[in-house]
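Q: The residues making up each chain are set out below.
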Amino acid sequence: MLEDFQVIALVKNGNIDAFGDIIERYQKPVYRYVYRITGNRDVAMDIVQETFMQAYKGILKTEIKVSFKAWLYRIAVNNVLQLWRRKRTVSFVPLKDEIANGALVVEDKSRLLGTQLDVQGVLAKIPRKLRICMVLHFVEGFKYQEIAQTLKISEEAVRKRVIRGSREFRRLYNSQEVQG
Amino acid sequence: MRCKYVQKKLAAYANNELSSFDRKHIEEHLENCAECRNSLASYKLTQKYLENLKEVPQVPDMKASIISNIKLNGQLPETRNIWKRRILLLAPITIILIAIVVLLLWNPWTSSEKAIAQAYSAMSSVLSYHLSVIRGSDTVPPEIVYASDVVAPDRYHITQSIDGKAQEFIYIGDNEYFKGNYQSFLSMKLQANYYTSMLTREATLRYLNMLGDIRKLEDETLEGVVCSRYQGRYDIEKRLLSWQESRRKIGLAPFSEEDLSEMREEMHANYDSMTFELWIGKTDHLLRQWKINKRDQNDDNNLTSYVIYKFSNFNETIEINAPTDSNGTLLGGWASTTPVQQALNVEAQSSIDDSDPTVRQLIYTLIIGNVSDEPVSGINVDVIPMLPFYDESLSLWIKVGNVNQSIPENVKPGESFLYEVTFGYDATRVLPEEIEAIVANYFIYIGYMNANSEPKAERSRLEVPESVHMPPSVPVYELKPVGEYWIKERGASFVSGQVVGEIYGKKYLFVLVDTRGSATPEENPGVLILDVTNPLKPIKVSYLQAPDDVTYMMKLGFSEKILYVFTGNYIWIIDVSNPAIPEELARFTGTFNSIVVNGNYAFLNRYNRITVLDITDLAHIKISGNLELTYDIKGSLEINSSYLLSWERDRLNIIDISSPQSLKIINSYIFTLPSDFNIDSPEETPIGTHVFNGTLAYVILHNEADIGISVMDMSNPASPRELSFLDLNQMNLSSLFAYESEVYAISLPHSGSDRQMRLNIIDVSDANKPFVAAIGKLPYYWSFFNSGEFGHTESFSLINNYLYWFIGNDSEGPVVEIFDLSKY
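Chains A and B, in that order, are what the protein sequence lines are.
Reading the first sequence from the start, the letters are residues 1128 to 1307 in my numbering.
Reading the second sequence from the start, the letters are residues 44 to 867 in my numbering.
In isolation and in its complexed conformation, chain A is listed as follows:
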């Protein structure tokens, strides 16, 4: 298996199929990441498509200065932010149709925890900036320094957002504001 930078060299040389390796490697985590912060599968699908298209274009055009992973996630984050900006929806309410999906169709393990806590639903109530950092850290396993690289913010800011987000998560979890 080639390293990211080797595959990228191939792509730069015009080998489109080599880009398939990149997609295979990252489509699941990027999809998961986008799905977890937006709470919407359709949106996640679209953004993953868009992210890889832009990544392909980016590889051809630019020199990637940070780790490829951080760079790719940054594109995904920007796409999500762009979507949010365009939609101008409020940050902490999950899309209704997705909540309802869980009401009957049991397909998402996160709804079937011991406590039956709707983790995704609670997460969706947390302000976006915090949510992005939390998902990168707790779900994607990014270290603070990697998140700082991805989001182009200071490590200190990352730390604050993760802690603040966690406290908000715990508060919401404790009060389980079940609402329709």
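None of these hints come from the bench; they were simulated from the model.
Note that the coordinates shown come from a computational prediction; the quantities given were computed from them, not determined experimentally.
Not one of these hints is a red herring.
Quick list of in silico lysine-lysine cross-link-like pairs, DSS-like style, CA-CA up to 30 Å:
| # | chain 1 | residue 1 | chain 2 | residue 2 |
| --- | --- | --- | --- | --- |
| 1 | A | 1184 | B | 97 |
| 2 | B | 531 | B | 820 |
| 3 | B | 523 | B | 583 |
| 4 | B | 334 | A | 1252 |
| 5 | A | 1252 | B | 208 |
| 6 | B | 337 | A | 1256 |
| 7 | B | 97 | A | 1196 |
| 8 | A | 1256 | B | 97 |
| 9 | B | 91 | A | 1279 |
| 10 | B | 353 | B | 325 |
| 11 | B | 51 | A | 1192 |
| 12 | A | 1252 | B | 97 |
| 13 | B | 598 | B | 549 |
| 14 | B | 51 | A | 1279 |
| 15 | B | 91 | A | 1196 |
| 16 | B | 353 | B | 259 |
Let chain A serve as the given structure and place chain B on it in line with the hints.
A: Using the frame of chain A, we list chain B on its own:
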């Protein structure tokens, strides 16, 4: 240690990535700081739950389509077009959501009983109505994306179009019918209830109240009804203020300026492009129409889109019938979630745990059994409010979940499983009528697949037991300080330790004043000596600043008119025989946690080691012995008769010190631990703090689930004996004090958003039967200050029966709040 430093290392600490030195320091800080403990607990909890989000169902393989797209197009499509398409697809739901969110966030009601009652009363004042939601823009013609007919009490007919696909829902009582996508039928009904709750005069006022820059436009007649018309913007500042207010109500420290400006920025980004218009019936003051205009700033043409909520046909006859033919057969395309025969039986038992009335728990245990002759699968249980209401100030929480097991995937005929629903609330604040209204507003909704893989659903309600009316089983008081003392030494930011000592019949409190993180220029820390002979009025006797090489001080020890101050690098030994003029005697290099003196010998501890010092000549201290224990020593060492006591993880060691050069453990009393305690993990320490009172000792024992106080008979120091154990479920105990026949335990509630610290007054006059005699609520720690960051908010001393509460603040300096406990 300063909170900021600890917070920096919290993730590394939680993930076991720190050196033992750093870890120790952080643990010391955590013992004294509720805020940091809260952060750590939050981090761990979030980590635990978000782990589960790593699994994502059905990730479609997009490789082929992306690659072919790249190959086909050669050139990539413009991003903007993709988003345009996306917006069109999502628009109906998205825009509806904006309105719902805007409205939901705004709930100034003070009583949830009232809120629910008002929402329900809307249904009686308006017996039927029609609502259409219309969407359009400068370029797109108006389109009805949602329409509902509602007839009181429980008939609904809803149509919605998403992606050009129509969905239709009919609800008649508990019967649900759907056409097209069934997945969102539950939320559709709840959403309709929400719209209904908009139709009261109170709600009208509420919506007007959330707008700023209101302009009254010319009256307009809508379908024969003359309406007043208003236009305005979302009032962000008002919203932020009300947020602050609700945080105060539930006891959270208000948002900092930094937080506020971040939220303000986000809200401006969300709302600045929107204007709101309201049409209100001139005679009935009910909402007739509600319009949101949204300007798309990213669009080159400055496109404005809008959504209109139009309520009409009030109290006119509207027919809603089941989509069945005369034989009762479903019409084409329609399906129903109502099972032909009931498959599940729900048996509910309720109980109340009132051991702490401020977190009274109303617990329902549901036995959900399959009473049909076919298996059911894909079970999902939801506990759902019929009408959405949102009242954070109640400090109400709901815990739902199954008991000790996950919900089975399949339940065969005759099988059953358990499910638990707990409502937790402060019974001293929430009225029984309120909890009745709240519980009655919830229903249990169980969705499943029947043997033919058809989605079915059954519901049940919870009966509220009479016992919610019982008065609190323990008296609860709001504690009010009877005195206070502001520590105004330069640079003082918090108090990191304190010890009480007697010198020539006078009582003194020695206070470690910490200066780290102070908003004023950094000063050396110091020791403040207060005369507390009259506990109500502490008098400053002297203040001794630490030498320049000391950045912080960890703990204090006092013995025989000598004060031992543990700095990071050495013990600073001070003669306080004249407290007005404290004098340095010596410095002894080394880092230790506590000291206890017996004659010419001092016993100190650090990690799992006890060090014996010969202090005959304080200027020439000699190490005369050592003893290593298996685990780290918890808290301070003590002398009892001629024995040294050391608390370690799960045991109390009694050490013979008759020969200080060679200490010997003569007995290790091992506490009986709850069976679910994970004994293999050295990280877990069941012993918390403890306190002595005469021949008795009180020891906190805890694991992740349980906590309590063990009462120990120490009259024979060589062989301690447990007399009783007081279970203090649901509490998060920290400090412990004893005075005469009472023990005081400070705690923080485990659940809910309530952050008010409690003082539990435990009657121990019969050591065999201790009980909680009263619970005192301390004021919110931030209520004594106007601004600043807080640290070390959980530092206490007991002087006779006066409780001293030290609260750190970086800009206004720490304060000591004094409470007279004899009053309770």
